[in-house]
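Q: Here is how the chains run, residue by residue.
There are 2 protein chains.
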Amino acid sequence: MKIDIHEKNNYTLLCDFYEFAMSNGFFKAGFKDKVVVFDMFFRSVPDNASYAISAGLEQVIEYLESLKFEECDIDFLRSKGIFDEAYLDYLRDFKFECDVWAVPEGTIVFPQEPLIVVRGPIIQAQLLETMVLLTMNHQSMIATKANRIVSAAKGRPVVEFGSRRAQGYSGANLGARAAYIGGCVGTANTLAEKIYGVPALGTMAHSWVQLFDTEYEAFKTYADVYPDNCLLLVDTYDVLKEGIPNAIKVFNEVVVPRGFRPKGIRIDSGDIAYLSKKARKMLDDAGFEDVGIMASNSLDEFTIQNILLQGAKLDSFGVGERLITSKSSPVFGGVYKLTAIKNNETDELVPTIKISENVAKITNPGFKNLYRLYSNSNGKALADVITLHDEKIDDSKDYEIFHPIYTWKRRDIYDFTAKPLLVQIYDKGNLIYKLPTLEEIRSKVKQELGTLWEEVKRLDNPQEYIVDLSYDLWKVKDELLDKHGKNYK
Amino acid sequence: MKIDIHEKNNYTLLCDFYEFAMSNGFFKAGFKDKVVVFDMFFRSVPDNASYAISAGLEQVIEYLESLKFEECDIDFLRSKGIFDEAYLDYLRDFKFECDVWAVPEGTIVFPQEPLIVVRGPIIQAQLLETMVLLTMNHQSMIATKANRIVSAAKGRPVVEFGSRRAQGYSGANLGARAAYIGGCVGTANTLAEKIYGVPALGTMAHSWVQLFDTEYEAFKTYADVYPDNCLLLVDTYDVLKEGIPNAIKVFNEVVVPRGFRPKGIRIDSGDIAYLSKKARKMLDDAGFEDVGIMASNSLDEFTIQNILLQGAKLDSFGVGERLITSKSSPVFGGVYKLTAIKNNETDELVPTIKISENVAKITNPGFKNLYRLYSNSNGKALADVITLHDEKIDDSKDYEIFHPIYTWKRRDIYDFTAKPLLVQIYDKGNLIYKLPTLEEIRSKVKQELGTLWEEVKRLDNPQEYIVDLSYDLWKVKDELLDKHGKNYK
Chain A
36 MKIDIHEKNN YTLLCDFYEF AMSNGFFKAG FKDKVVVFDM FFRSVPDNAS YAISAGLEQV
96 IEYLESLKFE ECDIDFLRSK GIFDEAYLDY LRDFKFECDV WAVPEGTIVF PQEPLIVVRG
156 PIIQAQLLET MVLLTMNHQS MIATKANRIV SAAKGRPVVE FGSRRAQGYS GANLGARAAY
216 IGGCVGTANT LAEKIYGVPA LGTMAHSWVQ LFDTEYEAFK TYADVYPDNC LLLVDTYDVL
276 KEGIPNAIKV FNEVVVPRGF RPKGIRIDSG DIAYLSKKAR KMLDDAGFED VGIMASNSLD
336 EFTIQNILLQ GAKLDSFGVG ERLITSKSSP VFGGVYKLTA IKNNETDELV PTIKISENVA
396 KITNPGFKNL YRLYSNSNGK ALADVITLHD EKIDDSKDYE IFHPIYTWKR RDIYDFTAKP
456 LLVQIYDKGN LIYKLPTLEE IRSKVKQELG TLWEEVKRLD NPQEYIVDLS YDLWKVKDEL
516 LDKHGKNYK
Chain B
36 MKIDIHEKNN YTLLCDFYEF AMSNGFFKAG FKDKVVVFDM FFRSVPDNAS YAISAGLEQV
96 IEYLESLKFE ECDIDFLRSK GIFDEAYLDY LRDFKFECDV WAVPEGTIVF PQEPLIVVRG
156 PIIQAQLLET MVLLTMNHQS MIATKANRIV SAAKGRPVVE FGSRRAQGYS GANLGARAAY
216 IGGCVGTANT LAEKIYGVPA LGTMAHSWVQ LFDTEYEAFK TYADVYPDNC LLLVDTYDVL
276 KEGIPNAIKV FNEVVVPRGF RPKGIRIDSG DIAYLSKKAR KMLDDAGFED VGIMASNSLD
336 EFTIQNILLQ GAKLDSFGVG ERLITSKSSP VFGGVYKLTA IKNNETDELV PTIKISENVA
396 KITNPGFKNL YRLYSNSNGK ALADVITLHD EKIDDSKDYE IFHPIYTWKR RDIYDFTAKP
456 LLVQIYDKGN LIYKLPTLEE IRSKVKQELG TLWEEVKRLD NPQEYIVDLS YDLWKVKDEL
516 LDKHGKNYK
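Residue numbers (this note's numbering), protein chains in the order written: chain A, 36 to 524; chain B, 36 to 524.
Excised from the complex, chain A in its bound form:
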């Protein structure tokens, strides 16, 4: 019995087989050391949103730090019967030598922007594709979804409750981490606190109530054990006729006499808007104005927005399957594309492009950089500009931006500060980046969201944020399109 839990995981082989087929080919055909550049970017945000939150870089680094072909991996690859022994020797001695740039975790990002840039020998840079994409796609998707849900809750705490419906164990563990980055206050998953420090929360399930002859007895026993942390699930039988009256009774008989205030009640089924209004009145009338009401039944940003519009009296939310799987849009489509190839004679990185009949699938060529332009007068983000790697944006004077396709759409940006978003993470295979803590990442998200206009952040039909190309990059792309365009005539 061999499974991927409880044993030392080495994810070096969590790699599409074609990466190995190609890298063996690079090796045999004599161009394994050809230096290239790959970009990781995405083309659209799930849920038709305008912005995403970049997450997963810490795990990408962890993967790179432990990238190693064990003898059993070599033996396994040999058994496939297509690899050269010299190539397998190369893998056995594999030492990561690439340069890597990335946007820090918690950065607000937009379609087409390079989130990770890898420069190095093709035989290495190619091999990273699967794990870089898997890691960044998963966590960026969940952080972004969580942020939408937190935003719909308008300041009320949201707890991630989805482990049981997650798509696998790292779906639950790293999903809880990403949800915390996106703004959730905690998780139901105990392991996510132990590993990542995401606060784990929770009190009782329906089975607790079912185990006793009466709901009152169930609540009383719970309150006896946890008088200082008494949050009762009130919907096992009938919320208004039994659940809340029993809860109030136990609050008065057990919790208050011991000098505590009750923590709250939770409603997990039924018409949450209606029940919460009734519940609020019943609690208030009993002198428990300070006792919160939590809802937790099939919620996401749209249901939360709706029940709050209906006047629901809720103080916090537990959000499960629709968050942990990003149910309404469960794929984050990040890609990893070749953008430049070194010319060994001139030592230049020559931009390359992937053409497609689908214009949205045409890549931005070249070794690139990324800037965000902030207004000096109000601190708001005005636009992002993708540039060639060595370009600087001079923010001491006005800067003209223009739409990369409708080039007549142009605009002068003035009185701004240009901030580069990509940070160097690896220098020739050496980690040179100091990883932020999870709390720092979480704060960064909050701080960055404050620089976005509300129009860009709204849940439905948001305004598209401007991401343009610098003139120099646009020219490189235009020339490549022109060169390849003859095929489409």
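Think of the hints as simulated: they come from the structure by calculation, not from any bench. It should be emphasised that the depicted structure is a prediction, and the values quoted were computed from it without experimental measurement. Among the hints, a few may not be true.
Same chains, same names: a pair is fine if it fits in one copy or spans any two.
Here are the simulated PhoX-like cross-link-like pairs (lysine-lysine), alpha carbons at most 25 Å apart as the crow flies [stated by the list, open to error]:
#, residue 1, residue 2
1, K276, K389
2, K377, K432
3, K298, K396
4, K316, K298
Here the structure of chain A is known, so what remains is to put chain B in place on it, guided by the hints.
A: For chain B alone, coordinates are given in the frame of chain A:
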């Protein structure tokens, strides 16, 4: 930096925090040894399908076999400040003592049927909830989705290509395992072959083609390295004007002269139906009637069904994000519900029920069993019957089944064989089940599918398969509903 890859994973704490809060409560309130029964079941199949494939039992067993609270887990729990030292001592010495029954992996299953039944002390049975659900929900969902896609492909091989878009690492690894159970012939994920033996396949990406000055040169180099396994990706520039002519040229110049037949071509973009018909003609005209065409662009059961209806000439499929996330329906809603509580005086397991205003959410009470009735004349599955645990269905005579709600819908089953579907896995905490191999599980799926009528299996609007309750179980449920029903008057 602490993350859940590359280190020994112990998933004992991958458990909703409320399970610990409750079990500490069971402990303190003096009923930790109360024997109960929990059922794991689901209420509906993703994609409005009628059947699902049960998968994940091997990983549930692996979890149970390694369930252990390490000292660092105890320290972590202590730090939460709500647990009794005596409870923590209990966890430190935790020894699994439950009885477990389950349907073997690869069994075709239907809503409401118990897939896993756990009987044991509440303090233990309750703790398993999160991992049992997470494991079974994830793999059953992917196996079921894969089976739908494989069925749409009508005998053409389907390869799982989704690692880069999976929701985390186990989403990719165990997703590949589950897809193989569901009928895929292989995966792109190399690690899934090393760990589980799912065949890993793949040849080249667009980056291979981009790396060379011309597509012809790229193909020629690849064919030189892999003349015996030459499958070329033909859509980097223009499929019909360049990709296929270049492929044919290289097949003729490199592959055939070395005594091999080409493996095929792959099309990853554009109008697959149109392109594949043109490609087929071009390959045939060049004498490559035996060379297959693979498609791999945003496919699922519906797109495959459609392009085949349009007369696409395709021989195999690579299916990525829509399979590995079950994109059109990314949640499998299995639940784990308390169904019986032992009366310590009579030693009887007393059935318990969870009532809900939503009738579909009312549980089937009691310690149960599950039978499938097969026609002796044609081997087809006629109906499933959920019974009390000790009930036997006597198939030597006619058996009357009836609808559990519309009880006037009744029918005599005759000339049938009743097969129990639940197998005992654990006896007082001891594993007594011999795990099947992955190939055996895969074969079981194929064999079981053969016993289902086509009407039940169709992708759109399938016929609902009959799952009834035995009279004795129905009576228990009816009496409990009647008893609790007064709350709804």
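Q: Find the hints from earlier in the document that the structure breaks and name them by number, from lowest to highest.
A: Violated hints: 2 and 3; rest satisfied.
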